[in-house]
Amino acid sequence: MNDMSMTKADTPPDRSRRHDRDAQIELRIGGMHCPHCPANVEEALRGIQGVSHAHVNLANGSAHIGYDTSRVKVLDLIKAIRVAGYTAGAASMRVGIKNMHCSSCVIRIELALQTTPGVIAARASSLTNAVDIEYVPEKTDFSAIRAAIESIGYHVVEDGKQTETPVDSEPADPEEEARQAEYGLLMRKFWFAAAVSVPVMLLSYPDLIPGLREWMPMGSSTRRIVWSLLGVLSLPVLVWSGSQFFIGMWDGLKHRSANMHTLIAIGISAAYLYSVVAVAFPGLFPRMELAEVFWDVTTVVVALVVLGLALEIKAKGRTSEAIKKLIGLQAKTARVLRDGREIDLPVEEVVVGDTLVIRPGDKIPVDGTVTQGASAVDESMITGESMPIEKHVDDEVIGGTLNKTGSFKFKATKVGKDTALANIIRMVKDAQGSKAPIQRVVDTVSGYFVPAVMILAVLAFVAWYLFGPEPRFIYATIVLVTTLIIACPCALGLATPTSLTVGIGKGAENGILIRSGDALQSAEKLDSIILDKTGTITRGEPSLTDVVTAKDVDEATVLRLAASLERGSEHPLGEAIVKGADARKIPLVEAKDFAAIPGHGVGGRIDDRAVLLGNAKLMRDRGIAIDPLVADWERLATEGKTPMYIAADGKPLGLVAVADTVKPDSKAAIEVLKRLGIEVVMLTGDNERTAKAIAQHVGIERVLAEVLPNDKAHEVQKLQLEGKTVGMVGDGINDAPALAQADVGFAIGTGTDVAIEASDVTLIKGSLMGVVTAIEISKATMRNVRQNLIGAFGYNVLGIPVAMGVLYPLFGLLLSPLIAAAAMAFSSVTVVTNANRLRFFEPRRKAS
Amino acid sequence: MTADRWLVLFFGLGLVAFIVWFFWLKRSTGVRAAEVSGGYQEAMILVKGGYTPDTIVVRRGKPVRLNFRREETASCSDKVIFADFNKNAELPTGETVTIELLPKEPGEFPFACPMGMFRGRLVVE
Numbered sequence: 001m002n003d004m005s006m007t008k009a010d011t012p013p014d015r016s017r018r019h020d021r022d023a024q025i026e027l028r029i030g031g032m033h034c035p036h037c038p039a040n041v042e043e044a045l046r047g048i049q050g051v052s053h054a055h056v057n058l059a060n061g062s063a064h065i066g067y068d069t070s071r072v073k074v075l076d077l078i079k080a081i082r083v084a085g086y087t088a089g090a091a092s093m094r095v096g097i098k099n100m101h102c103s104s105c106v107i108r109i110e111l112a113l114q115t116t117p118g119v120i121a122a123r124a125s126s127l128t129n130a131v132d133i134e135y136v137p138e139k140t141d142f143s144a145i146r147a148a149i150e151s152i153g154y155h156v157v158e159d160g161k162q163t164e165t166p167v168d169s170e171p172a173d174p175e176e177e178a179r180q181a182e183y184g185l186l187m188r189k190f191w192f193a194a195a196v197s198v199p200v201m202l203l204s205y206p207d208l209i210p211g212l213r214e215w216m217p218m219g220s221s222t223r224r225i226v227w228s229l230l231g232v233l234s235l236p237v238l239v240w241s242g243s244q245f246f247i248g249m250w251d252g253l254k255h256r257s258a259n260m261h262t263l264i265a266i267g268i269s270a271a272y273l274y275s276v277v278a279v280a281f282p283g284l285f286p287r288m289e290l291a292e293v294f295w296d297v298t299t300v301v302v303a304l305v306v307l308g309l310a311l312e313i314k315a316k317g318r319t320s321e322a323i324k325k326l327i328g329l330q331a332k333t334a335r336v337l338r339d340g341r342e343i344d345l346p347v348e349e350v351v352v353g354d355t356l357v358i359r360p361g362d363k364i365p366v367d368g369t370v371t372q373g374a375s376a377v378d379e380s381m382i383t384g385e386s387m388p389i390e391k392h393v394d395d396e397v398i399g400g401t402l403n404k405t406g407s408f409k410f411k412a413t414k415v416g417k418d419t420a421l422a423n424i425i426r427m428v429k430d431a432q433g434s435k436a437p438i439q440r441v442v443d444t445v446s447g448y449f450v451p452a453v454m455i456l457a458v459l460a461f462v463a464w465y466l467f468g469p470e471p472r473f474i475y476a477t478i479v480l481v482t483t484l485i486i487a488c489p490c491a492l493g494l495a496t497p498t499s500l501t502v503g504i505g506k507g508a509e510n511g512i513l514i515r516s517g518d519a520l521q522s523a524e525k526l527d528s529i530i531l532d533k534t535g536t537i538t539r540g541e542p543s544l545t546d547v548v549t550a551k552d553v554d555e556a557t558v559l560r561l562a563a564s565l566e567r568g569s570e571h572p573l574g575e576a577i578v579k580g581a582d583a584r585k586i587p588l589v590e591a592k593d594f595a596a597i598p599g600h601g602v603g604g605r606i607d608d609r610a611v612l613l614g615n616a617k618l619m620r621d622r623g624i625a626i627d628p629l630v631a632d633w634e635r636l637a638t639e640g641k642t643p644m645y646i647a648a649d650g651k652p653l654g655l656v657a658v659a660d661t662v663k664p665d666s667k668a669a670i671e672v673l674k675r676l677g678i679e680v681v682m683l684t685g686d687n688e689r690t691a692k693a694i695a696q697h698v699g700i701e702r703v704l705a706e707v708l709p710n711d712k713a714h715e716v717q718k719l720q721l722e723g724k725t726v727g728m729v730g731d732g733i734n735d736a737p738a739l740a741q742a743d744v745g746f747a748i749g750t751g752t753d754v755a756i757e758a759s760d761v762t763l764i765k766g767s768l769m770g771v772v773t774a775i776e777i778s779k780a781t782m783r784n785v786r787q788n789l790i791g792a793f794g795y796n797v798l799g800i801p802v803a804m805g806v807l808y809p810l811f812g813l814l815l816s817p818l819i820a821a822a823a824m825a826f827s828s829v830t831v832v833t834n835a836n837r838l839r840f841f842e843p844r845r846k847a848s
Numbered sequence: 001m002t003a004d005r006w007l008v009l010f011f012g013l014g015l016v017a018f019i020v021w022f023f024w025l026k027r028s029t030g031v032r033a034a035e036v037s038g039g040y041q042e043a044m045i046l047v048k049g050g051y052t053p054d055t056i057v058v059r060r061g062k063p064v065r066l067n068f069r070r071e072e073t074a075s076c077s078d079k080v081i082f083a084d085f086n087k088n089a090e091l092p093t094g095e096t097v098t099i100e101l102l103p104k105e106p107g108e109f110p111f112a113c114p115m116g117m118f119r120g121r122l123v124v125e
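From first to last, the protein sequence lines stand for chains A and B. Okay, so the first sequence: first residue is 1 according to our numbering, each after it adds one. Okay, so the second sequence: first residue is 1 according to our numbering, each after it adds one.
Excised from the complex, chain B in its bound form (with noise of 0.2 Å):
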């Protein structure tokens, strides 16, 4: 092989490995819902290209409040499910929807736009 092909192959296996590292192996701790008053907990998400805080983490038996803005047009993002509460709601662009939602047991809940585009995650306490 000559040295064009051996820089090509290396190349290309380290942009497949930089493609795994950057798009799978993340992880985020994520944010911990704000308790007001009223014994809610708050949290406040941006909807623009994904969740902004995609991960939510809150206590269970207590009422969650999640406040979401969708400042983009992309078609997906205009709905969000919570596929385990059976809840969902329409997102107008700049528009504030709340979301309210009561979690009785602990665990991972994870919320996405109807194509699954953009996924965030309830962390249940």
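Isolated chain A (complex conformation) (with noise of 0.2 Å):
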């Protein structure tokens, strides 16, 4: 943005005529909903050098600042409140400009602007014919940036299309635009150039057509007449049509580099001038048929060429589909609940702390938390899991994610930029612009590769000028044309980014967030996967597993009196149980005199009855015969779960068992991995016990068990360096260093939380199947990125030299430029269209 005006705060200020520059300003400031927030605010405010004053107030949601215009600028203090992590109260609008047409207007529109009180930044484009103005709505409004505006002799377009919305929202993609300008233009360029070209085909080959032959015969002065007319139709081709590549050429000249159309431009000129001196000196040709004229290589190539680039803008904006889709999302309105009423607001205007309503289905505005009300909600369009989550009080909803059946209420815990799908689109963004690995040869390759082609297609002309058959000039001028165009550097350039962008992309509809090229093409070279397995494996947290009741006891009973005692503890071995019990609809009552036995487990009082549940200990201290139960319970043990007796009025009642329970899929996932000849390693914190009995359940052989959570990065190392690739999913808190450590760290994602730092790809579904998806999706790109470079290599490798005429001494075949134009044209075409393929990857859902 402007950062220049910020330099000019370093002139002192002028004492004597400081009064003058004082100012005071009320900027509306969001996102303050703690009472120590006003205080943060405050301070970040005075910590700027010319502030005098700053007070703000929460209830209004405002602040009141006394600064020196001097040496601060709105600008400033706007940007020490988001530093902060607040949002100041800056809208934006767009304005349409009337005649800005010159590179000259956008800056003295954008200098203009910059200098008008509370205006923050200003871009304008002369694509749009519209600038985009930052402002403080408290300093300035519309009619004072017309005013601005039109003090430099400027109009502005009166259309009512200035919206006000605040900054931070996503702007409807100029992108796009942009890009649709581009093709409509090109289209526009190619069907000029091709309704040329057919009178130009015809006329130009007057011997091969009947008629034509007799009309205008070889050397005479109706074909002369002819011949010039058509050069004088095919020269606004030229300008026109195939303007991109002389301008292209001539930018590409300046910093001494070459580029397509460099090739391309060099080619129809020199097909062009031969033309013109044919026509108008047919003398300075020893021969009548040398004195042929190529209007139709030019207007042709100018054609296909311009066709080719107009296709691949098209398809190439289809690659970022994904993108596309994961913008849609979001949702435009909000139905809040303010003051007691429901009103519908823009989703900017949504704060953290809002009570939004939600009903059947309603879009979800944003991140927050159900506080009333229960639902199904469909969250495949951000997890990639079809089918639909049920919501109930205090579980995280997602934003962009689609309410189904019931009707409830949430609190906004993350809006804006905040939210999980904003993030997903920004990491989506930087991994699409990322560069992997393979890209980096071909970056080489490509540097050297237009001159090459250059020096080749001199080389050509020079070699079929001395050895060729005659006519040699004509052949050799043939030939120097076909090398030019026939090389394709686009196809290079297209083959890896275009891939990525697909395969990134696919990746995200998936639930899978790929950080970069670099992970993308590591995964594909795992041989060796580590898993942790709390929050991976399993679910992370326990659920009630086993009931085993004593003789003449029924099952509800013990979970009866054991989820009733349970109710009023926070450990998580109760809640399970608690869960467990009303999952099988079982009642609950009062419990009285509840009682931790720290270390042994908890006793109480319910219906009368004296129960205790806990441990063996517990229970022999109390005196309990608990030994026709020690069998059962040594069983649960060694299955990994955690079981307890539970007693009343001394006697053993029976036993609840809990275990941390493996997710659904972990099992077919592991599986799949195995089947892939990957190696599968759990590690753990846990017991050997425990691990190995989940390891058994899931298929895992080799297990790392009692490992320290700092010695986790060591044992990724440890495996490094028996020479595998490893890969290494977790949860990515406990986990990070070692996801730091891994080749390809994958983290499990929860809910909103995909903004996972140590990771290089996050999946968002929680589901182990989702590190197979990752692999595949990365294995499908991979190989259509080797298809790419090795079809743009090959095409490239085959095509010039056929097009220097190498087959000709041996088979007497030449390339016509026409060939040459359509091939260049249709093979970057079909790099992008071969990325494109990729959108129908589909991700396996089960084992098979």
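The hints are simulated quantities; they were obtained by calculation from the structure and are not laboratory data. Just so you know, not all the hints are guaranteed correct.
[Unchecked claim] Distance windows between CB atoms, simulated:
id, chain 1, residue 1, chain 2, residue 2, range
1, A, L235, B, R5, 30 to 40 Å
2, B, P106, A, E349, 41 to 51 Å
3, B, F22, A, G677, 47 to 57 Å
4, B, E100, A, K585, 50 to 60 Å
5, A, G211, B, F11, 40 to 50 Å
6, B, L25, A, R844, 46 to 56 Å
7, B, L25, A, E349, 55 to 65 Å
8, A, F281, B, L25, 29 to 39 Å
9, A, L212, B, R5, 55 to 65 Å
Quantities reported herein were computed from a predicted structural model and do not represent experimental measurements. Quick reminder that beta carbons are idealized off the backbone N, C-alpha and C, glycines included.
Put the complex together from the two separate chains, hints included.
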């Protein structure tokens, strides 16, 4: 942005005129939801040199600031507020401007606006004929901005298009607009060139067409006149339809670099100039048939290459379809409960702490926590999980997902650019722009490519002139033009980035966030994967697994007593028992005299019975005969579960066992990984027995148990020292060092927590199947990249020698420049289309 | 060989030599980024047919702010990638986009558009 304006703040204040420079401003501040927030904002503001006072009012969410205008700009205030983590009340608008055609207009308008008080930033674009202005509503308004624009002689387009929206919202996609405009222009250029090409083609070869042959025989003045006219007709094709080639060549030459445009521009100019000489000075040619014209080469090559460019733009637009889908998920409005009334607000105005009302079929606008009601929510667009997810009070909901059946209210916890969806969009965009290591090889090659082609074209010309058949000059020229035109640096350049864009987008569609091209390329090479146990293979929270009863006692009683006793407990094991009873619809009762017996268990009175729940020591201390249950206890413990005895009035009733249960598709995912030839290792801090039990259940042979959290990274390293490419799957918080150490770190994300820094890949759905899908996407994408690279390299390696005429001495074959143009135009389209094939990638849902 | 053949041969070889010299044997000395308040080293780069300037000299350890302004619509230049810093930015036509980097190691770090048609260097001293 306009950081230039900041440097002025360094000038020392002029004491005598100090008072003239004192100014007051009131700014609206968003995001203050805690009692100490005003203090934070005030501190941030007072930290700026030149701010005399800052007072923040929490009640109306505004800051009153006094500052010295010679030292501080409003922009600095707003920046400080943003750095402190709050939003300042800046708004943005887009104003259309008439007759803004030159780049100097753009700069003049921007300068005029940037010196207008209250304007933070202004960006004009001659492409959209509009200027985007970020401003402080308290300091300026539309009429002042219009006055500023008109003061330098421009006029504002009054079509009511200026819309005020708070900043930080995603603007309408200007890239898409630009792409559409570019496509439209190229297509017009193509149709013009194509229309001219038809008569030019026919009349350039009169000797092949009966009738024309007689009407304009070789050497006749009719032929010369017709050909001259064709030259005039072809000129606009060269100048208008082919303009980008010349502009591109010139821009490149200024930097002493060459690109695709250079090759095409030289090729079509050579063909055109030859034809001009042939028509204007046929006497220069020793024989009449040498005075040929190549107008058709000029027009057809322009038409085909321009068409290729247009198709490429279209196809490239499709490669970012995934990100467009994600952007489209963002809700526009939200129904917010304010002062007891439900009001519809633009989603940008929702602040953290708002209560939002969701009805069946509504899109959930922001991230939050359910406070009332229940429903099923379709989260497939974010997580890739196709089944709707049940949501109850205290469950997290994700912005952009779709409510299905019920109504509920929820409290907004993340809004604007902090939402999971906004984070996902940002991460995907970043990743799509990153480079895969394979690309660096291509970069080196393409740096030398275009000049090398030019050298080859010159050498081919020389060789044909020296050794070629007569008419040597014509053959040499055709070969020169063909060689220049067939070479396609674009296909090489497009090969990797387009596949990467589609592949990473495909990942996002399936709830897999791949952070970089590097990660994508490494994932296919993994030969060993370490899975953290808790939270990765298992759910990470205990649940009730078994109930064992003593003689003459029924299961419901055991569970009712155990759960009623544990209802007051906040211990996770207790919660698991209560949840288990809830799931079996067992009614609970109030427990009296509840007491926790540290290290042993809990006790209390239920229905006038003294109930105890705990370990063997507790039972023996109280003299309860547990002997009949010991065998069951041993069995459950061996299975990796945590069994607890329950007794009432001195008699043993049974056992309840809780355990961290395995996620439903962990076993299937591990099976697929093994089938892909990947060694699967389980890593856990748990004891050997529990670890072995789980490992056996899911089919893992190699277990690293009792590993301290700090040693996890070390274990990864040990495996790497065995020469393996190691992937690590963990929860991103406790396992961060291990994830970073691994060649590819997969973080299991849950709910809205997607921005996991340490990982290369984030699995939003939390299922291990995501690891399989990520590896499959990596394999499919890298296979696609290789196809593209082989295709693009192969095309050039074969095409260029053929164009140079290596087949001529053997088979008498020489490529026409027209075919070369068609091949060149469609080689890059083919590469992009092949990348787009990845869009049809489907992850496997089952192990089969 | 006839005279015209000799002529074409020498002219052709001369052209090859010129292409090699013009495109490959260039070496720009680069532009030193200006140090501005706040400890940043700042430079403006025009994106039009290439990067102007294409070599930016900075000192290590101090944050660098590069303001890219793209004034063309060619498809490759719509992004700039600093592969060594794992940073990239989209460059919409007519907008100034800022990239901030912190060079810790001295060396030469190339930056380029996704297809590598435009190239520049960040020289860290």
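Right, here's what the structure says about each hint:
At about 33 Å, the CB distance of L235(A) to R5(B) agrees with the hint of 30 to 40 Å. About 49 Å separates the C-beta atoms of P106(B) and E349(A), a value consistent with the hinted range of 41 to 51 Å. In this structure the supplied range 47 to 57 Å holds for F22(B) paired with G677(A), their Cβ-Cβ distance being about 51 Å. E100(B) and K585(A) have their C-beta atoms about 58 Å apart, which keeps the hinted 50 to 60 Å range intact.
A C-beta distance of roughly 42 Å is found between G211(A) and F11(B), which places it inside the suggested range of 40 to 50 Å. For L25(B) and R844(A), the hinted distance range of 46 to 56 Å is satisfied, since their beta carbons lie about 54 Å from each other. Taking the beta carbon of each, L25(B) and E349(A) are about 59 Å apart, inside 55 to 65 Å as hinted. Checked against the given bound of 29 to 39 Å, the beta carbons of F281(A) and L25(B), roughly 37 Å apart, stay inside it.
At roughly 36 Å, the beta carbons of L212(A) and R5(B) sit outside the given window of 55 to 65 Å.
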